[in-house]
Amino acid sequence: MSASTVSAPSRAAPAPSRAASRRFSSRRVLDLLSHAYIWLCLLVFVMPFTALLVYSFTGPGGTYAVENFQYVLGSFGENLWWSFRIAGLTLVIDLAIALPAAYAIVRYPLPGKRLLYSAITLPLYVPGAVIGISLVLTYNFTYHLTTSVWGLVLAMAVGTFPLMLTPIVVALKDLPLVFEEASECLGATRWQTFRKIVLPLIGPGVSAGLMLAFIIVFNEYLVTLFVHPTGITTAPLRVFNLIRTAGLAPTTAALAVTMQLISFAAVLLFFRVFGTRYLRGTYLI
Amino acid sequence: MSTVRLAAITKHYGATVAVQEFDLDIADGELVTLLGPSGCGKTTTLRMVAGLIEPTSGRIHFDAEDVTFLPPRKRNIGFVFQTPALFPHLTVADNIGFGLSVKGQKKAAIAARVEEMLAMVGLEGYGARLPAQMSGGQQQRVALARVLATDPRVLLFDEPLSALDRNLRDTLKYSILDLQRRTGKTAIYVTHDQSEAFAISDRIVVMNAGRAEQIGTQTDIYLNPRTPFVAEFIGANNGLPGTVTAVEGSGDAARTIVSASGMTVQARPRAGVRVGDAVHVYLRPENIDVLEGGDGAGYENVVEGRVERVIFEGPTAQLRVDVGGRELRVDIAGGQRLTLLEGRGTVRLGFNEVTLIPATVDIVAGSVA
Numbered sequence: 012m013s014a015s016t017v018s019a020p021s022r023a024a025p026a027p028s029r030a031a032s033r034r035f036s037s038r039r040v041l042d043l044l045s046h047a048y049i050w051l052c053l054l055v056f057v058m059p060f061t062a063l064l065v066y067s068f069t070g071p072g073g074t075y076a077v078e079n080f081q082y083v084l085g086s087f088g089e090n091l092w093w094s095f096r097i098a099g100l101t102l103v104i105d106l107a108i109a110l111p112a113a114y115a116i117v118r119y120p121l122p123g124k125r126l127l128y129s130a131i132t133l134p135l136y137v138p139g140a141v142i143g144i145s146l147v148l149t150y151n152f153t154y155h156l157t158t159s160v161w162g163l164v165l166a167m168a169v170g171t172f173p174l175m176l177t178p179i180v181v182a183l184k185d186l187p188l189v190f191e192e193a194s195e196c197l198g199a200t201r202w203q204t205f206r207k208i209v210l211p212l213i214g215p216g217v218s219a220g221l222m223l224a225f226i227i228v229f230n231e232y233l234v235t236l237f238v239h240p241t242g243i244t245t246a247p248l249r250v251f252n253l254i255r256t257a258g259l260a261p262t263t264a265a266l267a268v269t270m271q272l273i274s275f276a277a278v279l280l281f282f283r284v285f286g287t288r289y290l291r292g293t294y295l296i
Numbered sequence: 191m192s193t194v195r196l197a198a199i200t201k202h203y204g205a206t207v208a209v210q211e212f213d214l215d216i217a218d219g220e221l222v223t224l225l226g227p228s229g230c231g232k233t234t235t236l237r238m239v240a241g242l243i244e245p246t247s248g249r250i251h252f253d254a255e256d257v258t259f260l261p262p263r264k265r266n267i268g269f270v271f272q273t274p275a276l277f278p279h280l281t282v283a284d285n286i287g288f289g290l291s292v293k294g295q296k297k298a299a300i301a302a303r304v305e306e307m308l309a310m311v312g313l314e315g316y317g318a319r320l321p322a323q324m325s326g327g328q329q330q331r332v333a334l335a336r337v338l339a340t341d342p343r344v345l346l347f348d349e350p351l352s353a354l355d356r357n358l359r360d361t362l363k364y365s366i367l368d369l370q371r372r373t374g375k376t377a378i379y380v381t382h383d384q385s386e387a388f389a390i391s392d393r394i395v396v397m398n399a400g401r402a403e404q405i406g407t408q409t410d411i412y413l414n415p416r417t418p419f420v421a422e423f424i425g426a427n428n429g430l431p432g433t434v435t436a437v438e439g440s441g442d443a444a445r446t447i448v449s450a451s452g453m454t455v456q457a458r459p460r461a462g463v464r465v466g467d468a469v470h471v472y473l474r475p476e477n478i479d480v481l482e483g484g485d486g487a488g489y490e491n492v493v494e495g496r497v498e499r500v501i502f503e504g505p506t507a508q509l510r511v512d513v514g515g516r517e518l519r520v521d522i523a524g525g526q527r528l529t530l531l532e533g534r535g536t537v538r539l540g541f542n543e544v545t546l547i548p549a550t551v552d553i554v555a556g557s558v559a
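Chains as they are written, first to last, in the numbering used here: chain A, 12 to 296; chain B, 191 to 559.
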């Protein structure tokens with residue numbers, strides 16, 4: 012232990028600390044910039060919705076008015092209820108078709124599988140107005156469905172079916188075949204295997220499909236505009252009609268905000284239920 | 191608890207033949223291993239026994255019952271996969287009880303059976319866990335408990351230990367053997383690992399290119415390989431092409447003289463091998479001794495060679511010895527003797543155990559033509 016070896020670290024010490032402080036300050040600047048960027052994004056994307064929210068609470072003469080929301084339960088209540096019913100029926104139909112379809116597409120060697128899948132998912136790439144015109148034509152000439160609620164429900168089912176199908180197909184593809192084989196070797200029938208093993212394990216895919224389809228159906232107005240039966244006005248259609256006839260009223264904004272909240276709640280519910288808890292303990296996490 | 195009979199089982203995938211005319215009779219309570227390199231058709235055979243694949247032709251019987259076209263669920267089998275394949279969303283107890291619950295058994299009966307099975311595989315108290323909360327070895331034990339819970343007629347294992355680490359494999363293979371013995375189940379075990387097959391089997395089927403090359407006990411296939419493939423696949427072997435030049439003596443003293451790669455080798459006669467026949471001569475590396483001086487008394491065959499390489503492996507060492515232009519592998523104990531060899535150019539090798547296999551061996555059904 013000579014003196015020089017002891018003093019060496021103390022001489023070297025100030026140099027790293029100067030370098031560290033330089034690094035520290037540049038990191039701080041970068042930190043601030045990235046924070047600013049995030050807040051800017053939030054501002055740009057959330058601002059329109061905030062404006063709507065503020066406007067929905069605006070009373071006559073710029074006062075504060077919660078009463079706007081009483082229409083949501085009052086005269087708009089019926090529109091929301093229709094939206095819910097149509098969304099519900101559509102989801103049932105979508106699911107009833109998509110589950111077996113996805114199973115067939117993934118698990119069986121169908122000839123022309125890719126072409127079939129592309130054809131089925133066509134509504135995803137076709138503009139709503141085009142779907143609307145096609146449906147009006149089809150309904151007029153063949154099915155005569157325009158006067159019943161089923162015409163609208165079927166239109167929604169056609170439009171959202173690929174949204175339901177795709178996540179289920181992806182989930183099934185990710186599910187190793189060995190679980191189904193194990194189940195069958197243990198004596199389960201195909202139906203038992205599907206219900207007790209496959210369905211729970213593709214649950215996240217199914218629920219993602221349900222969420223996507225719900226949000227689209229619940230908020231769809233363009234296709235509805237084409238094929239809605241007289242006497243049935245969904246919430247988005249009501250918003251559209253009101254704005255066209257009465258201009259932008261705070262009460263309309265209140266309905267729009269309510270619709271947004273419902274969609275947002277659907278997304279939150281999805282992540283709450285399926286985001287983490289469901290996946291824990293599965294092979295997916 | 192059942193005999194299993196495979197009669198001329200064949201599986202084609204288009205033009206590819208996965209399994210060719212496979213015959214096998216398994217006695218009640220016997221553990222038979224299908225051993226072979228990857229792609230030899232062993233897993234395909236097992237999956238046909240399970241009903242997961244339908245054979246192109248041939249028949250499968252459990253006892254007197256023809257199960258060839260029955261779906262897996264009607265065969266009452268226990269299939270243990272390469273991965274534990276535990277249902278990730280069900281607890282360990284629900285996994286073990288699954289086979290009973292789909293058959294509509296009462297909850298109390300299932301719970302009792304689950305407890306019994308957990309005790310059997312040494313996992314008492316783990317019933318409430320999810321599979322992901324257990325180690326790989328524990329999961330595979332749960333998979334064993336799950337198939338045993340349904341009291342299957344036949345246990346089928348598809349390389350159940352290949353996904354586990356070495357130490358775990360060693361202990362778990364004896365657990366599997368122990369469970370199979372205790373339950374008295376007939377079992378078919380597929381593996382590419384010779385030491386695994388040798389450790390647990392009653393009989394071993396060596397498979398190659400969709401065919402059974404040889405069916406026999408460990409000593410049968412190791413000491414009396416019927417085909418060049420078996421001789422080379424099982425353990426290490428030196429294979430030399432040769433020609434039979436003479437047959438001398440009679441009875442126990444009878445010897446077949448073979449000229450192979452410039453060496454003249456004496457071997458015990460083999461049925462069907464005559465003078466002038468082309469044969470494969472096999473010398474196991476551990477049956478060749480390095481002679482320390484002396485005249486090589488006690489050895490029927492003594493040859494001289496040059497040590498090319500010494501590969502020290504700890505307990506043993508491999509010597510690569512050039513004998514007349516052909517390299518022979520010689521295994522010796524890895525201790526002190528190794529130092530004696532260092533720096534020595536030529537050595538004399540002595541050996542008695544020589545296996546002859548006719549070059550024209552017909553491997554169909556593992557029989558020699």
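Hint data in this document are derived by calculation from the structure and do not stem from the laboratory. Any given hint could turn out to be false.
With a cut-off of at most 20 Å between alpha-carbon atoms, the simulated DMTMM-like pairs for lysine to aspartate or glutamate come out as follows [to be verified]:
| no. | chain 1 | residue 1 | chain 2 | residue 2 |
| --- | --- | --- | --- | --- |
| 1 | B | Lys296 | B | Asp284 |
| 2 | B | Lys297 | B | Asp284 |
| 3 | B | Lys293 | A | Asp185 |
| 4 | A | Lys207 | B | Glu314 |
| 5 | B | Lys264 | B | Glu314 |
| 6 | B | Lys296 | B | Glu349 |
| 7 | B | Lys293 | A | Glu191 |
| 8 | A | Lys207 | A | Asp185 |
| 9 | B | Lys293 | B | Glu305 |
| 10 | B | Lys264 | A | Asp185 |
| 11 | B | Lys293 | B | Asp341 |
| 12 | B | Lys293 | B | Glu306 |
| 13 | A | Lys207 | A | Glu191 |
| 14 | B | Lys297 | B | Glu314 |
| 15 | B | Lys264 | A | Glu191 |
Partial list, computed: chain B residues near chain A (C-beta under 7 Å) [claimed, not checked]:
| no. | residue |
| --- | --- |
| 16 | Leu242 |
| 17 | Ala275 |
| 18 | Val292 |
| 19 | Gly294 |
For each residue, glycine too, the CB sits at the ideal point set by N, CA and C.
Against the structure, the hints come out as follows:
{"no.": "1", "hint": "Lys296(B) x Asp284(B)", "result": "holds (13 Å)"}
{"no.": "2", "hint": "Lys297(B) x Asp284(B)", "result": "holds (11 Å)"}
{"no.": "3", "hint": "Lys293(B) x Asp185(A)", "result": "violated (28 Å)"}
{"no.": "4", "hint": "Lys207(A) x Glu314(B)", "result": "violated (25 Å)"}
{"no.": "5", "hint": "Lys264(B) x Glu314(B)", "result": "violated (30 Å)"}
{"no.": "6", "hint": "Lys296(B) x Glu349(B)", "result": "violated (33 Å)"}
{"no.": "7", "hint": "Lys293(B) x Glu191(A)", "result": "holds (16 Å)"}
{"no.": "8", "hint": "Lys207(A) x Asp185(A)", "result": "holds (17 Å)"}
{"no.": "9", "hint": "Lys293(B) x Glu305(B)", "result": "holds (18 Å)"}
{"no.": "10", "hint": "Lys264(B) x Asp185(A)", "result": "violated (28 Å)"}
{"no.": "11", "hint": "Lys293(B) x Asp341(B)", "result": "holds (13 Å)"}
{"no.": "12", "hint": "Lys293(B) x Glu306(B)", "result": "holds (18 Å)"}
{"no.": "13", "hint": "Lys207(A) x Glu191(A)", "result": "holds (10 Å)"}
{"no.": "14", "hint": "Lys297(B) x Glu314(B)", "result": "holds (19 Å)"}
{"no.": "15", "hint": "Lys264(B) x Glu191(A)", "result": "holds (15 Å)"}
{"no.": "16", "hint": "Leu242", "result": "holds (6 Å)"}
{"no.": "17", "hint": "Ala275", "result": "holds (4 Å)"}
{"no.": "18", "hint": "Val292", "result": "holds (4 Å)"}
{"no.": "19", "hint": "Gly294", "result": "violated (10 Å)"}
The structure fails hints 3, 4, 5, 6, 10, 19 (numbered hints given earlier, in ascending order).
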